[in-house]
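The lines below spell out each chain.
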Amino acid sequence: MTEVIDCPYVENDDLLRQYLAGTVADSDAEEFERHLFACDRCREEVEQGLAVRAALQRPAHGSLLRWRFPSVTFAAAAAAVILVAIGLWQMRSAEPTVPQPVRGSERGITASARLANGAFTTIWQPNPSARQYVVQLFTADGTPLQSVHTSENKATVPLGSIPRGKTIYWKIQALDENGTVIGSSELQRITISR
Amino acid sequence: MPRHSTPKALVHPLIKRENPEILSATADRSPDALAAELTERFWLRLRLFAARRLRDRNQADDVAQETIRRVLEALRENRVENLDALPAFVFQTARNICLHHGRSAHRETGALRRLKSSQPIMSSEEDDPLTGLIDRSRRAQVRDALEQMRPDDRDLLRLLYVEGLETAEVASRLGIDAGTLRVRKHRALLRLAAIVGGGNVSGRAGTEGEA
Ligand SMILES: [Zn+2]
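Here the protein sequences line up with chains A and B, keeping their order.
The opening position of the first sequence corresponds to residue 1 in the numbering used here, with each subsequent residue numbered one higher.
The opening position of the second sequence corresponds to residue 1001 in the numbering used here, with each subsequent residue numbered one higher.
Bound conformation, chain A alone (with noise of 0.2 Å):
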């Protein structure tokens, strides 16, 4: 099926590849998302453009553990952290030299946690596969507090201004050399005392 509709695209098709890298203004994606809907033309385009991005595209290399706060809106920061926190193995993945860990296969931490002197310290099970850990905390919502990335087995994470009465979640992940996660704790919880 092919909807005939006037497409400026055709001939001005830099702004729908633009749109795939993400270099779009937001006023202008969305333009163009309103055209996407309703042309078939550039739905094929868009589609087959994704798909040859993706095939090519490289991981981003050197920046897989930082914390990204989207200024977009608080659901992309709570969304990035989960990306940056889940996502890790899945990055190396894409590229097809690198072995893939199935998953299910990660392997569990054992942690423990406590708050004292305004910080959050935590010890757990070293695995002996681990390069490095990641220690994160995240509010109630998902929302990143602090990430520590450490060769030891245990953290202390300074809390700053978080409030007191407040519940705060916390995981480790344990990565290889090659940045992926091998091993993971619970999502656990502590609440700062009043």
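Keep in mind that a hint or two might mislead.
[Unchecked claim] Computed footprint of chain A on chain B, listed as stretches where at least three residues anywhere in the stretch have a Cβ under 8 Å from a Cβ of chain A:
#, stretch
1, 1039 to 1047
2, 1075 to 1082
3, 1151 to 1163
Note that these hints are calculated values from the structure, not bench results.
These numbers come from a predicted model, not from an experiment.
Ideal Cβ placement from N, Cα and C applies to all residues, glycine included.
Take the given structure of chain A and dock chain B with the ligand to it, following the hints.
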């Protein structure tokens, strides 16, 4: 959305005449068939739309599903007054859901649930929420197909879609004019689609996510 109570008898011929490809619709189609048609037509669009805003593939899927559900409901209740404007209606519905999604407590518990389940949400490219919609097997399939293509076609597609260069820049690098470039791009995409098969290189509705 104002509620519109046109009798079904008046709506169906309209649907059949103006949107034969999608809405031949509630009378002679089962709700499942209608849902399938809507999904076929809008699934990728909805996921792109939501992924760009929410930067989360699972949430994008949630938004796409919820949008389809609401649009179906609106169609069944004859609340879509002008079926020519169905794409705009779907767009607006998705937009409302995304706006709400950003605020809702449901989303917040969803975020936590996902943290707990350790499911990978998005693919590698943290700055690239859209390509995160394409799963690994599809990437591999398209990569294989690209390798079977002529190097000049492959390079052209890479310059355009991966490097994201502007038409003028690519044309100047290749020493051709913009019109020729467009023709070559079109042909390269056709060849790619032919190798991948079925003319659809990014997966059909519902098969794009990780298993
Ligand atoms: Zn178009």
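Comparing the hints with the structure gives:
no.: 1; hint: 1039 to 1047; result: holds (count 4)
no.: 2; hint: 1075 to 1082; result: violated (count 0)
no.: 3; hint: 1151 to 1163; result: holds (count 5)
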